[in-house]
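Undergrad: Residues per chain are reported as follows:
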Amino acid sequence: MTSIFVKRFRSIALFVAVLGGAAAAGAQEIRIGALFAMSGTQSAFGELMFSGAALAVDHANADRMLSGKLTMAVEDTQGTPQLGVIGMNKLVSVEKVPYVLTSYTGVSKAVAPLGLRSKTVVVNGGAVGPDLAELGAYFWNVIPLANFEVKAFVPYLVKQRGFKRVTLVYLDDPLGNGIRKELEASLPAVGGQLVEALSVPVAAQQFGGVAARVRESKPDVVYIASYGAQQVSAIKQLRDNGVTQPLVSYGSFSNPEILALPEAKGALFTTQLVDWQASDAVTRRFVDDYKAKYGKPPGVYTTNYYNMVRLFVLLARDLQKQGKPITGENLLAQRLASKSFDLAGSKVSFEANGTVMAPIQINEIDAGGAAKPVAVIPVN
Amino acid sequence: MLAYAINLAVLICINATLAVTLNFIMGYAGIFSIAHAVFFGIGAYSAAYAAAHFSASFFVAVPLAMAVAGVLSLALALPALRVRGEYFVAASLGLQVMAVTVFSEWKSVTGGIGGVIGIPPVELLGRAVAEPLEFLLLALACLLLVIAGTGVLLRSSFGRSLQAVRDSESAAQAAGKNVAAIKTLAVVVSSALAAVAGALYAFYIGFINVESFTLDTSVLLMAMVIIGGTGTMLGPIIGALLLMLLPSAFSYLWFLPQAQIGACQQLAYGAAMVLLMLFRPGGLVAARRDGVVR
Amino acid sequence: MLLLQLLFNGLQVGALYALTAAGFSLIFGTTRVFHLAHGSTFATAAYVFYGLYTLAHAHWLLAALLAAAAAVLFGVLLDRLVYAPIQRHEGSFFTLFIASFGVAIIVQNLIGMAFGRSFVTVTTPLSRSVEIGPGVFAAPLAGIAIVGALGFFGALHLFLTRTHLGIALRALSENPELVRAYGLSPRRLSAVAFALGSLLAVPAAIITVATSGLNPGIGSHVMLISLAATIVGGVGSVRGAACAGLLLGLAESLALWKLEPQWSEAVTFVVLFLFIVLRPSGFFGRAAVH
Numbered sequence: 168m169t170s171i172f173v174k175r176f177r178s179i180a181l182f183v184a185v186l187g188g189a190a191a192a193g194a195q196e197i198r199i200g201a202l203f204a205m206s207g208t209q210s211a212f213g214e215l216m217f218s219g220a221a222l223a224v225d226h227a228n229a230d231r232m233l234s235g236k237l238t239m240a241v242e243d244t245q246g247t248p249q250l251g252v253i254g255m256n257k258l259v260s261v262e263k264v265p266y267v268l269t270s271y272t273g274v275s276k277a278v279a280p281l282g283l284r285s286k287t288v289v290v291n292g293g294a295v296g297p298d299l300a301e302l303g304a305y306f307w308n309v310i311p312l313a314n315f316e317v318k319a320f321v322p323y324l325v326k327q328r329g330f331k332r333v334t335l336v337y338l339d340d341p342l343g344n345g346i347r348k349e350l351e352a353s354l355p356a357v358g359g360q361l362v363e364a365l366s367v368p369v370a371a372q373q374f375g376g377v378a379a380r381v382r383e384s385k386p387d388v389v390y391i392a393s394y395g396a397q398q399v400s401a402i403k404q405l406r407d408n409g410v411t412q413p414l415v416s417y418g419s420f421s422n423p424e425i426l427a428l429p430e431a432k433g434a435l436f437t438t439q440l441v442d443w444q445a446s447d448a449v450t451r452r453f454v455d456d457y458k459a460k461y462g463k464p465p466g467v468y469t470t471n472y473y474n475m476v477r478l479f480v481l482l483a484r485d486l487q488k489q490g491k492p493i494t495g496e497n498l499l500a501q502r503l504a505s506k507s508f509d510l511a512g513s514k515v516s517f518e519a520n521g522t523v524m525a526p527i528q529i530n531e532i533d534a535g536g537a538a539k540p541v542a543v544i545p546v547n
Numbered sequence: 007m008l009a010y011a012i013n014l015a016v017l018i019c020i021n022a023t024l025a026v027t028l029n030f031i032m033g034y035a036g037i038f039s040i041a042h043a044v045f046f047g048i049g050a051y052s053a054a055y056a057a058a059h060f061s062a063s064f065f066v067a068v069p070l071a072m073a074v075a076g077v078l079s080l081a082l083a084l085p086a087l088r089v090r091g092e093y094f095v096a097a098s099l100g101l102q103v104m105a106v107t108v109f110s111e112w113k114s115v116t117g118g119i120g121g122v123i124g125i126p127p128v129e130l131l132g133r134a135v136a137e138p139l140e141f142l143l144l145a146l147a148c149l150l151l152v153i154a155g156t157g158v159l160l161r162s163s164f165g166r167s168l169q170a171v172r173d174s175e176s177a178a179q180a181a182g183k184n185v186a187a188i189k190t191l192a193v194v195v196s197s198a199l200a201a202v203a204g205a206l207y208a209f210y211i212g213f214i215n216v217e218s219f220t221l222d223t224s225v226l227l228m229a230m231v232i233i234g235g236t237g238t239m240l241g242p243i244i245g246a247l248l249l250m251l252l253p254s255a256f257s258y259l260w261f262l263p264q265a266q267i268g269a270c271q272q273l274a275y276g277a278a279m280v281l282l283m284l285f286r287p288g289g290l291v292a293a294r295r296d297g298v299v300r
Numbered sequence: 441m442l443l444l445q446l447l448f449n450g451l452q453v454g455a456l457y458a459l460t461a462a463g464f465s466l467i468f469g470t471t472r473v474f475h476l477a478h479g480s481t482f483a484t485a486a487y488v489f490y491g492l493y494t495l496a497h498a499h500w501l502l503a504a505l506l507a508a509a510a511a512v513l514f515g516v517l518l519d520r521l522v523y524a525p526i527q528r529h530e531g532s533f534f535t536l537f538i539a540s541f542g543v544a545i546i547v548q549n550l551i552g553m554a555f556g557r558s559f560v561t562v563t564t565p566l567s568r569s570v571e572i573g574p575g576v577f578a579a580p581l582a583g584i585a586i587v588g589a590l591g592f593f594g595a596l597h598l599f600l601t602r603t604h605l606g607i608a609l610r611a612l613s614e615n616p617e618l619v620r621a622y623g624l625s626p627r628r629l630s631a632v633a634f635a636l637g638s639l640l641a642v643p644a645a646i647i648t649v650a651t652s653g654l655n656p657g658i659g660s661h662v663m664l665i666s667l668a669a670t671i672v673g674g675v676g677s678v679r680g681a682a683c684a685g686l687l688l689g690l691a692e693s694l695a696l697w698k699l700e701p702q703w704s705e706a707v708t709f710v711v712l713f714l715f716i717v718l719r720p721s722g723f724f725g726r727a728a729v730h
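Top to bottom, those sequences are chains A, B and C.
Going letter by letter, the first sequence gives residues 168 to 547 in my numbering.
Going letter by letter, the second sequence gives residues 7 to 300 in my numbering.
Going letter by letter, the third sequence gives residues 441 to 730 in my numbering.
Worth double-checking, as some hints may not be accurate.
[Said to hold, decoys possible] Below 20 Å or equal to it, Euclidean Cα-Cα: the simulated EDC-like pairs (lysine to aspartate or glutamate) are:
{"id": "1", "chain 1": "C", "residue 1": "698", "chain 2": "B", "residue 2": "137"}
{"id": "2", "chain 1": "A", "residue 1": "385", "chain 2": "C", "residue 2": "700"}
{"id": "3", "chain 1": "A", "residue 1": "348", "chain 2": "C", "residue 2": "700"}
{"id": "4", "chain 1": "B", "residue 1": "113", "chain 2": "C", "residue 2": "700"}
{"id": "5", "chain 1": "A", "residue 1": "263", "chain 2": "B", "residue 2": "137"}
I should point out that these hints are in silico values taken from the structure, not numbers from a laboratory.
Extracted from the complex, chain A is given alone in its bound form (with noise of 0.2 Å):
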């Protein structure tokens, strides 16, 4: 049994490491934060996420595009809303750092309010809970939210794939919420209908009984709104357990750990649309660099990471040219005179709610465990 009180020192911990290298790396020192879930159950995630903006920030630094080192002080979350809070905390008031790469719903709902309190820019690029598009201007999206994913995949499985009858297995938390809502508003529209909806409790290890729930609504199809280790175990236990309809997702099925899993064959889940062939020479350069890095190609979650980093570099180049200081309060003001970034993968530009809107992409999981994309649904 780990204990809250254990967890929260051990992200000061992390965050003394760090600070300790960074006071030795040099006094001309531009910081920016971020809240990653380094460990527990969603380590995979955090370390894809990490990956990315570890590379964002040695690009910037090779290409010097500041007068001043740029370093990032990464506190541990476990994906949890109590640990982000903490480590906003300290972010904020210890290393005072004007921008922070946040995940996962739960952490940036509960971030926010401090971010807005203390004029400090909180960016995600992971997490897709529908209520983030409503935490004020110092909150900003690059990654289209679950409402927006939901929305242009609904008329597919139900048109294009003739799924009407939809079962959700949701986890009981601001972003599984955020799902059940969308599904129960766009479905009827295009003739869909959301039969039963399952709410599961953070911990639950079981899906036995939930996979006989499931089975006896007799769904088209089956919608899993959780992430981390909970939707492998369900996966593979839906699965066991007579399961048999098609599974579907957003965003988090992109985690290697599922796409390995042999279960989830034949899964389908949206992800904002990502270029990664393009020829322009950020993007060639993200995706040469991290290959050889890493050994595989980036996935929608590094490849955002990366451009959070990016944005506030792109951000801050700007700021420093014009003599300006580089907080909360200049970025964000900045945003607002851009028009669009050049970001790896696509060109990017905000709403005036700090969202982005993308085309959204379609993927199957094949035989080989690779995402392949079948449908792209373009912004409307």
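Given the coordinates of chain A, assemble chains B and C onto it according to the supplied hints.
TA: Structure of chains B and C alone, referenced to chain A:
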């Protein structure tokens, strides 16, 4: 660095308050509860609710938190009247798990796993206590009041009756003590004071959710009391100090790989518990009982 | 149909709960040690099996035997090196409780460091269920679990009633002083209790690896259920713990018939709480100490 130290100090105060109140029933009443985090949580949620719906004033939120926790602690008092020892631990365990489920599901009040966000700073005498240093003083003041309060109670005839019940329930009953009332009152007082810590926690972090009030927290609090030593006032405070500082001491070991720092801290924490129980089972602060030093 | 399926699921889960609960009850009833680290025994056996079978590609029987050896060794060493010294000194109930909890934390983190913190499982066709009736699915592993549990309980019963060692163990749980008077060593008997109790957790651990999968925290969940089952079944009665384990497994599963999944864990503990308040001696236990 100073901000870090103040943050740590506030959390130590809050945990010490919890440990002292738990020791009130564990050390002095012989009621070993593993559900203390439940009342910590009830206090936190009540204070947050009060701050959102009525007033963020200290003198509104905290008494409300204490009242709610006190009333709900009757659910814990019930098994305390019926069983002792391992049976009571199991009952309190049941209560703890049920409470976690309620905290996770009663979304309109607790926000479920998403928790309660944006809790306003507490107001004391007209001004908001938002600066960490000011909050530290408030937390210290509360800790001292709780220590004083429990100390006074223990030195009174109630306290003597309580210890009589702990040492031999049948003898106390034979001597005409109302054992049921004494035990119930002890549980209510302990829980109400734990709620004070909960309210402070909610105001300090500005965000609360069920993760802070789980079985793990309850066991940590029990460990603080037992490692520090039951039966003395100082014991739980030392226990709280030790268990809160030990993990941070790890941060100075630069040679540990980052991904494993957390696991190493927990290993040290577990090892400390085992070693202390092997070599100093009475706790770090030995109790003086009837002049016999243990 | 749903009810039948849930009933069957409950039987399977209940069989595994019954095994681990019986192990805990045997240890607790005989030695009065609140062996919180019983969950760690379970986790150790499960991860050793997983490590040998999946990572080292050993034959499953070899992996199972080594897992059993690891579990027994763990239990006995714990008794010798941690519990016995504490009991010699002062041995208060809660000292043992905290020490056991400390051990559980250590084991959980060592496992996490060695195997990673995410979910691992063993892929085997035995965990895939087939439709055995209208709307009722069962996996071969479910049958193995139930039959295996019955087999183990049968063997346990024979051991406790027919062998000298078994009878001595039962005597120890009733009256340690008398046992000493008869020239038997409570120390040695307690080691036997730990070995046997830990062994009972092994089949459940191995089956769990293949069905629901593992993560380092699996020990705590198992521990809570074992504790609840021991109390509900009555302290001192291994048969009671086994029945209660089965009951709790059934209750947890059948709760899904009408309730949402997030309430099913609470159901177990509502049952526990009610028993303690209304009938502390459980099903078969001796009257509670008051």
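Undergrad: Check each numbered hint from earlier against the structure, then list the numbers of those it violates in ascending order.
TA: 1
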